[in-house]
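Student: All chains should be built: construct the whole structure from the sequences, respecting the hints.
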Amino acid sequence: MSCAITEARAGIASGQSPFGAVIVRDGKVVAAGHNHVWANTDPTAHAEVECIRNAGKALGTIDLAGCEMYTTCEPCPMCAAAIHWANLDAVHFGARIADADAAGFRELTLPIETLYAQGKSGVRVHADVMRNECTALFAEWKRANGKSY
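Residues 71 to 219 in the working numbering are what the sequence shown lists, from first letter to last.
Heads up, some of the hints might be wrong.
[Unchecked claim] What follows is a list of derived Cβ distance ranges for each label pair:
1. D112 - D133: 20 to 28 angstroms
2. T179 - G97: 19 to 27 angstroms
3. A128 - N215: 15 to 23 angstroms
4. I132 - A80: 24 to 32 angstroms
5. N215 - A135: 27 to 35 angstroms
6. D133 - R213: 24 to 32 angstroms
No lab work stands behind these hints: they were computed from the structure. Given the structure is predicted, the values throughout are model-derived calculations rather than measurements. Here a beta-carbon is modelled for each residue, glycine too, at the ideal position from N, C-alpha and C.
Tutor: Now the structure itself:
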């Protein structure tokens, strides 16, 4: 998770929102990503999606079975679906959707556990990993003149 936090800070430094993600296989980081929503004028360029895109390129495949994602915030429904479609084994997240909502982001408040249960996804979910450190990214972002969407 520390690598995902570092990635989120890189996003903050480049004027993006405070979200970062990494994909790991066999204990090694395969790819990283942070939000590029504002830079790319692309509302789908969330950290998790950027990370999946980078991992696909790095590994030369769309099938990321055997990999796990660490992301600083609970994935939104779009990102949760992308994680499922990429065939990741697990997702570990820090801050909750409610934390992002409280920081001013327009979140769909459907928890990933609910989405995966209803959709019968096999992706394992591990919540609240370094939650305090991940939630603190929102304050860092606000101090850096952050803007939400």
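Student: Hints numbered earlier in the text: which of these fail when held up against the supplied structure?
Tutor: As far as the earlier hints go, 2, 3, 5 and 6 are violated by this structure, in ascending order.
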